[in-house]
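Novice: Chain by chain, the residues run as shown.
Protein chains: 2
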Amino acid sequence: MRKTLFLTMMALLPFSSAVADRLSSEPIQPIEPFVSTEPEKVELGKKLFFDPRLSRSGFISCNSCHNLSSGGSDNLPTSIGHNWQQGPINSPTVLNSSLSLAQFWDGRAADLQEQAAGPISNPMEMAFTHSLAVDVLRSIPQYVADFNKIYGSNEITIDQVTNAIAAFEETLVTPNARFDLWLKGNDNALTETELAGYQKFKETGCVACHHGVAIGGTSFQRMGLIEAYQTDNPAEGRIAVTGNDADRFSFKVPTLRNVELTYPYFHDGAYWKLEDAVDVMARLQLGQQLAEQDIKNITAFLKTLTGDQPQFVLPQLPPSTSNTPIPVPFD
Amino acid sequence: MRKTLFLTMMALLPFSSAVADRLSSEPIQPIEPFVSTEPEKVELGKKLFFDPRLSRSGFISCNSCHNLSSGGSDNLPTSIGHNWQQGPINSPTVLNSSLSLAQFWDGRAADLQEQAAGPISNPMEMAFTHSLAVDVLRSIPQYVADFNKIYGSNEITIDQVTNAIAAFEETLVTPNARFDLWLKGNDNALTETELAGYQKFKETGCVACHHGVAIGGTSFQRMGLIEAYQTDNPAEGRIAVTGNDADRFSFKVPTLRNVELTYPYFHDGAYWKLEDAVDVMARLQLGQQLAEQDIKNITAFLKTLTGDQPQFVLPQLPPSTSNTPIPVPFD
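Residue numbers (my numbering), protein chains in the order written: chain B, 1079 to 1409; chain H, 1079 to 1409.
Just chain B, same shape as in the assembly (with noise of 0.2 Å):
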């Protein structure tokens, strides 16, 4: 009985004290799964995320820009906005920015609730205001019964709106990647090549900025540290918010969760192939220039977050009434 006990123990080690390693060692960490403490408030929020009202032209919604059927983003350099304007900078993906250290790749807003208000009222994205759109939403007894429920009042606010649209926002993790298994001690999940671009990842620096559970979004970091970076895109990053010259150029270090769904890469989405965007990163922030099979190598190990996406019924919207104000798509 000893015996048997002990044998178990000595098969169990070895996977055990793997696992506590790689999580307590590895610059990395496994999402997990969120579990919402309030779904009618999640759903409330996913109506909301889907539903084009919000916007001037009744035709943007949240959906457009960070597409839940496409790593939460558009694919597209820069995006489309109301009357078809084309956006400063690329769209970056809703998938796990609840991990970020603040939003937008400036971080001008602190959080998701405060990044919701933003597109509503921007002429060159969703053109509304949030007046509007709260008239919008006061207008649809369907909302107002949705509201009242959470929020135990029938006057809708904005700050609801966008309270409601983070708590849906909050739910976007992507658990299950590959590596997360690997990680979690499944050492079938990973193949060598992809353990080989791993540890040239961790060697050639890219950790330093894209770690922890997000693999980045924990910081701002000037885009062309070693090597200047060179684009048409007239944004300036961070000094945008702090004022500060050091921070000319200075952008969140994106989230690698599900990178090979976020093409266009940085934050002009001038670079669409993700081999590309690991050697220009790793010549411009860390000075080295990468072998092609490295470059191979960490691509591969990069396509390995890819996790699990967002699963759930496409939701219906409640009808406008005879009181909803008109969307105005041409102007």
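What the hints contain is simulated information worked out from the structure, not anything from laboratory work.
Treat each hint with caution, since some may be false.
Note that identical chains are pooled: a pair holds if it fits in a single copy or bridges any two copies.
Said to hold, decoys possible - Okay, derived cross-link-like pairs now, DSS-like style, lysine-lysine, Cα gap no bigger than 25 Å in a straight line:
1. K1262 / K1351
2. K1374 / K1351
3. K1227 / K1262
4. K1381 / K1125
Place chain H on chain B using the hints.
Specialist: Using the frame of chain B, we list chain H on its own:
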């Protein structure tokens, strides 16, 4: 025993005969759920329906203008196309569209497959070409595998693309509207107001055109039969297809299924309120000025035609590869 059986039969009779009566005698028939014999093709079609890479910009999908979160329509007078072009005509709902005698307002497409080919290459809508759309799909291994499994070839063709989209669209029927429950014998499914509205709907003559399973979609009719329809919209309807002068201003009679969700109304999308649409139709098509109460009752009846909306998990689109043609959102 005999007596019990007799009483049981007597108890059932009024119900059964009422059911048989309504199903055979009413001019409207219930919708049955669609069960596809080709679930894999439906799944592929669903992805394609949601894939904005079938457009030049990479931004517009079938779902943009036939939004399955909002009654299969975009709830705009006329649609927004590539480069924010204003479409020429109201986007009809895709829900129950398989039940129409033809597709588009002027019936220029014989069926759903022929329809699906239109917007992809229409320069005012998705502004792509069939050849480029197919190039995009051929560059994505997951799509190649899907098509191969269904069509038995690695050569994706536009006919396969539209065939799969049509197979998905065929599933978009909306059974179990309250009116259908009433048709099937459930006397409690409708209120007295709604029933009175239905009676008035029949008496007024609306059923002459709005009958059958889709309550429309079975014929082309002149818009403004008794009194001319005033509109700025230059669409001339069926004459564009037949060249026959008698078909000028003749349009496909739209389905009234889910009409509560598919505002604004008519081919020009000029009317936002269902009450107004009822009033206009009675005057222009039937020469009748309905009393306000009758309009209210008919509107109440029309709202019982909202059925079960499509319920499915938001599809996940396979990512582009380094071989995928890059979208052109801004020319």
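Novice: Give a verdict on every hint.
Specialist: So, going through the hints one by one against the coordinates:
no., hint, in the structure
1, K1262 / K1351, "neither (29 Å within a copy, 57 Å between copies)"
2, K1374 / K1351, "within (11 Å within a copy, 58 Å between copies)"
3, K1227 / K1262, "neither (40 Å within a copy, 35 Å between copies)"
4, K1381 / K1125, "between (30 Å within a copy, 22 Å between copies)"
Checked against the numbered hints above, the structure breaks hints 1 and 3 and satisfies the rest.
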